[in-house]
Amino acid sequence: MQQPNKLKPFFENLNFERDDNTMVINFGPQHPSAHGQLRLILELEGEKVVKAHPDIGYLHRGVEKMAENMIYNEFLPTTDRLDYIASTSNNYAFALSVERLIGLEVPRRAQVIRTMLLELNRIMSHLFFLATHALDVGAMSIFLYAFREREFAMDLVEDYCGARLTHSAVRIGGVPLDLPAGWLEQLSTYIDKLPDQIKLYEDLLTENRIWKMRLEDVGVVTPEDALSWGCTGILLRGSGIQYDVRKEEPYELYAELDFDIPVSDRNDSYGRYRLYMEEMKESIKILRQLIPMYRKSEPQIMAHNPRYISAPKEEIMTQNYALMQHFVLVTQGMRPPKGTVYAPTESPKGELGFFIRSEGEPYAYRLKVRAPSFFHTGILQHILPGTYLADVVAIIGNTNIVFGEVDR
Amino acid sequence: MRKYTPKDNVQGKAKYTDRFWVAPRVPRESFDTDSHFSAVHKAMSEAVDVLDAYVELGQLVIHIRPEDNIAALEVLKNRCDYAMCSELSAIDYLAQDGEFEIFYQMLNLKKAKRTRILTRIKENQAIESIVPLYAMANFAEREMYDMFGITVNNHPYLKRIIMPDDWVGHPLRKTYPLQGDEHAAWYEVDKIFGKEHRDVIGPENRDPGRIDRYDSQRFSRVGYEVPFGAQEAESETEQPIEYSKQILVDYTTGSEVLDTRK
Chain A
839 MQQPNKLKPF
849 FENLNFERDD
859 NTMVINFGPQ
869 HPSAHGQLRL
879 ILELEGEKVV
889 KAHPDIGYLH
899 RGVEKMAENM
909 IYNEFLPTTD
919 RLDYIASTSN
929 NYAFALSVER
939 LIGLEVPRRA
949 QVIRTMLLEL
959 NRIMSHLFFL
969 ATHALDVGAM
979 SIFLYAFRER
989 EFAMDLVEDY
999 CGARLTHSAV
1009 RIGGVPLDLP
1019 AGWLEQLSTY
1029 IDKLPDQIKL
1039 YEDLLTENRI
1049 WKMRLEDVGV
1059 VTPEDALSWG
1069 CTGILLRGSG
1079 IQYDVRKEEP
1089 YELYAELDFD
1099 IPVSDRNDSY
1109 GRYRLYMEEM
1119 KESIKILRQL
1129 IPMYRKSEPQ
1139 IMAHNPRYIS
1149 APKEEIMTQN
1159 YALMQHFVLV
1169 TQGMRPPKGT
1179 VYAPTESPKG
1189 ELGFFIRSEG
1199 EPYAYRLKVR
1209 APSFFHTGIL
1219 QHILPGTYLA
1229 DVVAIIGNTN
1239 IVFGEVDR
Chain B
68 MRKYTPKDNV
78 QGKAKYTDRF
88 WVAPRVPRES
98 FDTDSHFSAV
108 HKAMSEAVDV
118 LDAYVELGQL
128 VIHIRPEDNI
138 AALEVLKNRC
148 DYAMCSELSA
158 IDYLAQDGEF
168 EIFYQMLNLK
178 KAKRTRILTR
188 IKENQAIESI
198 VPLYAMANFA
208 EREMYDMFGI
218 TVNNHPYLKR
228 IIMPDDWVGH
238 PLRKTYPLQG
248 DEHAAWYEVD
258 KIFGKEHRDV
268 IGPENRDPGR
278 IDRYDSQRFS
288 RVGYEVPFGA
298 QEAESETEQP
308 IEYSKQILVD
318 YTTGSEVLDT
328 RK
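Taken in sequence, the protein lines are chains A and B. Note that the first sequence covers residues 839 to 1246 in the working numbering. Note that the second sequence covers residues 68 to 329 in the working numbering.
Just to be clear, a hint being listed does not mean it is correct.
[Unchecked claim] Okay, the calculated bits of chain B under chain A, using three or more residues with CB under 8 Å as the criterion: (1) 102 to 116; (2) 121 to 127; (3) 251 to 263.
[Said to hold, decoys possible] Partial selection, computed: residues in chain A whose CB lies under 7 Å from chain B: (4) 903; (5) 907; (6) 977; (7) 1081; (8) 1216.
Since the hints were derived computationally from the structure, they do not count as laboratory data. Built from N, CA and C at the ideal position, the CB exists for glycine as well.
In isolation and in its complexed conformation, chain A is listed as follows (with noise of 0.2 Å):
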């Protein structure tokens, strides 16, 4: 039993002294390799780990909370929160669940806008994957690299909506800006450049001896268990499941567009990893296609739906009965029918869904995250134990858990 004093404080589920050989450590929630707020209880025999604790919670905001007592728009930029290093991908998530239940079609020039977006949330999600998973193993020059060229992705959704980290960069019905003169231009300059850039760290690491050693048959996540645990995205694709809900269930245009699904059926982090830098070939690709798309496509970037939709500026400006819906919408907000949605989505980190309950108020009644890492999360407590200290950090690494999503 633990007598607490100032020294010594309780800790909670610790039991330091014990009869048999094992040692509990407590990793976390300060760790830098936790990325972020994960608290593991570890329990080692010698190096080998016996049982694995999860314990989240640290980041907890209560979003769900917070979306019974908002309006639909004034929750979209909450979302920001949730997977912060993409955040664009849950903005779009939740902009696509209301346009659901509310039978929305978006304008064709938004679609646009929003699949760029969403790929080069994807490509900066990816990079920052592997500037920290590196890092994380040892590889300390593939963290510069990557930030440099997620440095340029991030300047150009800074062109795009202003914002570099949290974008709200949808709108419930549309996008809100039309892109800016010669982002496209920039664009295509960027998708030039980084596949150079990923020949660059793939000549660094997928080859590299210690690179192998650090992820080989590490982290095995078989698809029985990546089924049973929810594991979705690359955790599942990395174990030889061909399942994408970009590909199955295609929301915004990417029923229209040519990418392939990258699958591994290594079950390891070396597999997953090799999706990573797959995945962002295939987001270079259909990011190129987007481009002539974007020219082809009328200028209306809000769907044109007064009941839930406020009108275009310039209406609101010059037309009286526009103003008043206007007026309407922001101080009482949208009335989406009754019933319920899931839409999922393909987030960099895998499904993403909002499960919104509506009861035909303003508020949503119910809104649930639907988180992938919180899930990724979950199954550390079956994959680590019997691995080495030294790999939890890498597997940790490589399931690419971000703990504003996991806490909400």
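Fit chain B to the known structure of chain A by using the hints.
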């Protein structure tokens, strides 16, 4: 008499209501048109009591009894190829019906089809854990227990997951206020300083939109400036400044005096 404020649902509510407005409903379609969904419905109705079934926004919705949840998910997993449970959680309908609605969002990866299983339990009723079928429920059911206080039978480790173990109350219930209750206001004070220091520290103000009139470090004052960090006693004038002055005029004498009746 003032109005009684209802305590069973303290969440945000519409400030304006139109008494002639009836909320429309998302159309519910029949599952007959989709061969996969009708096969699922057939397999399901053979095994369990299906209370209601329809297609809503492209996903099959099946209402079942709470005691059938394992049987229903077994049918989905073993006979209908639903290899993944994407999400499960609850919705609080205690104020209206005294019930929780529990949903299981299922995914068939081969056909890319989604089915939602809905079931309703009473407030003190427990539900059987689905961890033997889908391990993801380990975390998801813990979260449901944490957020709603729904007990899950035969769960391997039913403990709070997001809130601290010694937290009082279940935050996603409709009775739980957005800014936290009495226990929440004292939680960190007790934890960090100890209960005996409650008088010194005072309850935590959990309103993010609060404005402290006497805090000159984080708030400026409208009307007159005070130095940064000035103490309340130094900066407070004898006569508080009125932002809108009301003058009382006595028309018999013609005198005007400041209204100080408030």
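Verification of the supplied hints:
1. 102 to 116: With 0 residues in contact (Cβ-Cβ under 8 Å with chain A), the coverage given for the stretch 102 to 116 of chain B is violated.
2. 121 to 127: Three-residue rule met by the stretch 121 to 127 of chain B, so holds; n is 3.
3. 251 to 263: violated (count 0)
4. 903: 6 Å, holds
5. 907: 4 Å, holds
6. 977: Given a least distance of 31 Å, the restraint on residue 977 of chain A is violated.
7. 1081: Since the shortest Cβ distance to chain B is 5 Å, the answer is holds.
8. 1216: 4 Å, holds
In the structure shown, a violation is registered for the earlier hints numbered 1, 3 and 6, in ascending order.
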